[in-house]
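*Asks:* Protein chains in written order, with the working numbering: chain A, 1 to 113; chain B, 1 to 117.
Please keep in mind that the hints were generated in silico from the structure rather than gathered at the bench. Bear in mind the structure is a predicted one, so any value in this text is a computation, not a measurement. Among the hints, erroneous ones may be present.
The calculated lysine-lysine pairs, modelled on PhoX-like cross-linking and capped at a C-alpha distance of 25 Å, are [unchecked claim]: (1) B:70 to B:55; (2) B:104 to A:57; (3) B:73 to B:55; (4) B:70 to A:57; (5) B:73 to A:71; (6) A:57 to A:9; (7) A:71 to A:57; (8) A:70 to B:104; (9) B:73 to B:104; (10) B:104 to B:70; (11) B:96 to B:70; (12) B:55 to B:78; (13) B:78 to B:96; (14) A:70 to A:57; (15) A:71 to B:104.
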Amino acid sequence: DGGITQSPKYLFRKEGQNVTLSCEQNLNHDAMYWYRQDPGQGLRLIYYSQIVNDFQKGDIAEGYSVSREKKESFPLTVTSAQKNPTAFYLCASSRNSDTGELFFGEGSRLTVL
Amino acid sequence: AQTVTQSQPEMSVQEAETVTLSCTYDTSENNYYLFWYKQPPSRQMILVIRQEAYKQQNATENRFSVNFQKAAKSFSLKISDSQLGDTAMYFCAFMKPGWTSYDKVIFGPGTSLSVIP
Chain A
1 DGGITQSPKY
11 LFRKEGQNVT
21 LSCEQNLNHD
31 AMYWYRQDPG
41 QGLRLIYYSQ
51 IVNDFQKGDI
61 AEGYSVSREK
71 KESFPLTVTS
81 AQKNPTAFYL
91 CASSRNSDTG
101 ELFFGEGSRL
111 TVL
Chain B
1 AQTVTQSQPE
11 MSVQEAETVT
21 LSCTYDTSEN
31 NYYLFWYKQP
41 PSRQMILVIR
51 QEAYKQQNAT
61 ENRFSVNFQK
71 AAKSFSLKIS
81 DSQLGDTAMY
91 FCAFMKPGWT
101 SYDKVIFGPG
111 TSLSVIP
């Protein structure tokens with residue numbers, strides 16, 4: 001079955017630690033995205049990537065980093081510089097076409113202790 | 001900058017009844033797309049319905065339909081014959097097709113819908 005897999009589903013981190021969230025897709029989509037979801041704020045774009053080895057900052061990139069070494073993979077690192085990292089993180093992908101439809105993973109919930 | 005507003009943080013509806021979720025947006029663009037996404041308690045978000053701004057006809061997908069008022073910049077979602085499985089967070093979203101292949105989707109804050117047996 002084609003889809004997007006995020007791992008881990010739940011993650012706990014101590015303050016000062018970096019943590020990496022995994023996102024893998026087998027939909028053969030060119031574009032991938034990372035969103036942060038907080039109650040009452042909808043989804044906010046952290047980073048996006050149109051093609052391999054290229055990515056761009058979204059609206060709230062500070063304290064986060066990404067890589068896109070393979071088409072299928074777009075991991076997100078939440079660094080210790082992120083002041084309020086406790087949140088629900090969603091990875092998505094889309095074809096580079098005009099449909100605009102996003103396909104989402106099940107999300108990763110990060111809690112900083 | 002484009003913005004998307006959903007003025008109803010929470011709504012409830014009786015099973016089998018009809019409910020309408022509101023969405024307004026702000027843009028100076030003439031060509032764009034609008035979406036409703038559904039995020040059930042299991043958390044995987046899926047597309048419910050999509051509307052292209054240049055089409056006057058309102059989009060319909062089974063029990064889901066939209067009322068697209070371009071001049072008023074309004075894009076409401078109507079769910080008919082509500083079912084328990086419709087309980088979810090619903091997000092309205094806007095997208096302007098870019099000159100490159102960059103598609104940036106802007107989401108509203110969401111409406112939490114509860115279907116009551």
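*Asks:* Hint by hint, note whether the structure agrees.
*Replies:* Each hint, compared with the structure:
no., hint, in the structure
1, B:70 to B:55, "holds, 10 Å"
2, B:104 to A:57, "holds, 12 Å"
3, B:73 to B:55, "holds, 14 Å"
4, B:70 to A:57, "violated, 31 Å"
5, B:73 to A:71, "violated, 37 Å"
6, A:57 to A:9, "holds, 24 Å"
7, A:71 to A:57, "holds, 18 Å"
8, A:70 to B:104, "holds, 21 Å"
9, B:73 to B:104, "holds, 19 Å"
10, B:104 to B:70, "holds, 20 Å"
11, B:96 to B:70, "holds, 14 Å"
12, B:55 to B:78, "holds, 18 Å"
13, B:78 to B:96, "holds, 23 Å"
14, A:70 to A:57, "holds, 18 Å"
15, A:71 to B:104, "holds, 19 Å"
In this structure, the hints that do not hold are numbers 4 and 5, in rising order.
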